[in-house]
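Work out the full structure, taking the sequences as your base and the hints as a guide.
Take the sequence shown: its position 58, counting from 1, is numbered 1295 in the working numbering, and each next residue is one higher.
Just to be clear, a hint being listed does not mean it is correct.
To be verified - Subject to a maximum C-alpha distance of 27 Å in a straight line, what follows is the list of computed DSSO-like cross-link-like pairs (lysine-lysine):
(1) Lys-1478 x Lys-1256
(2) Lys-1428 x Lys-1478
(3) Lys-1478 x Lys-1425
(4) Lys-1255 x Lys-1478
Said to hold, decoys possible - The calculated label-pair distances, taken between Cβ atoms and stated as ranges, are:
(5) Arg-1449 x Lys-1425: 32 to 40 Å
(6) Arg-1449 x Asp-1348: 14 to 22 Å
(7) Arg-1305 x Lys-1255: 36 to 44 Å
(8) Pro-1397 x Arg-1285: 15 to 23 Å
Bear in mind the hints are in silico, worked out from the structure with no lab data behind them.
We put the CB at the ideal spot given by N, CA and C, even for glycine.
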Amino acid sequence: MTTYVLVHGAWHGGWCWKKTTPLLRVAGAEVFAPTLTGMGERAHLNDRLDPSEITLDVHIQDIVQLMRYEGLEDVVLVGHAYAGMVITGVAEVCPERIAHMVYVNGVIPADGESMVDQLVPVRGEEFASWVRGIIEKGDGFLPAPASVEEVGRRWGITDPDDLAWVGANVTPQPAAAMAGTVRMGNPKAAKIPKSFVGGGESGFDSVAERARQAGWGVYPVDSGHDTMITHAGELAEILLKIGRE
1238 MTTYVLVHGA WHGGWCWKKT TPLLRVAGAE VFAPTLTGMG ERAHLNDRLD PSEITLDVHI
1298 QDIVQLMRYE GLEDVVLVGH AYAGMVITGV AEVCPERIAH MVYVNGVIPA DGESMVDQLV
1358 PVRGEEFASW VRGIIEKGDG FLPAPASVEE VGRRWGITDP DDLAWVGANV TPQPAAAMAG
1418 TVRMGNPKAA KIPKSFVGGG ESGFDSVAER ARQAGWGVYP VDSGHDTMIT HAGELAEILL
1478 KIGRE
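Quick look at the structure:
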């Protein structure tokens, strides 16, 4: 039985995998879709925590501790968007638990890079400047999209029901997590097989090309940014294929 750990991106929560998880489970897989600290159904913690302490390292530990306490091994570790930072950091800590890493429109950082460093090529200078400005002002959170129209523009979602669902569930993104850097250098992490899943429409075509040049498996999907919402069936088929390899 293949085990999948699905890690969501910025402004999202474990809820965003709701269409994908049943498709993996019906195929016999064990699936975990945790929510990172301060996001989704864990956003209530933001009233009790110093925003500066909700960092990338905390999010990395969210996943490390899940795998430790659930006793997970041979995991297909999947990260969407910002979670490319998270799963990269997780692999540095516990590579022995991971069989394959999958970046779903996920950023692929180099050693010492932050999420902010990834934004210009994937989101453009205007968006990157907006994020940098909020961080520099010391604001604790990046606001979630304020309307379903903004949700659609940002993440390539067009179905009215999906727009309403996503719009009702997105939460502010901890700013400190966007500024945190990932440290790499574990040779065991470097040896883990890796794949990239995504579509050029989302702005991640350059990331897909980097993955291709690095010898990763690359699976194009003609989707917007939130592939797990708009193309859940196609994504599940790809993840199951990777899990069988």
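Next pair to validate is Lys-1478 with Lys-1256; report whether the Cα-Cα distance is within 27 Å. Cα-Cα ~18 Å, so holds.
Okay, Pro-1397 versus Arg-1285 on CB: inside 15 to 23 Å? About 35 Å separates the Cβ atoms of Pro-1397 and Arg-1285, which means 15 to 23 Å is violated.
Given the proposed pairing of Lys-1478 with Lys-1425, does the C-alpha separation stay at or below 27 Å? holds, 23 Å
Satisfaction of hint between Lys-1478 and Lys-1428, Cα-Cα up to 27 Å: Judged against 27 Å, a Cα distance of about 20 Å means the pair holds.
Tell me if the beta carbons of Arg-1449 and Lys-1425 are separated by a distance inside 32 to 40 Å. violated, 23 Å
Distance restraint evaluation - Arg-1305, Lys-1255, Cβ atoms, bounds 36 to 44 Å: violated, 25 Å
Pair hint outcome, Lys-1255 versus Lys-1478 [Cα-Cα no greater than 27 Å]: holds, 20 Å
State, for the Cβ atoms of Arg-1449 and Asp-1348, whether the hinted interval 14 to 22 Å holds or is violated. Between Arg-1449 and Asp-1348, where Cβ atoms are some 21 Å apart, the hint holds.
Hint check: violations occur at hints 5, 7, 8; the rest are consistent with the structure.
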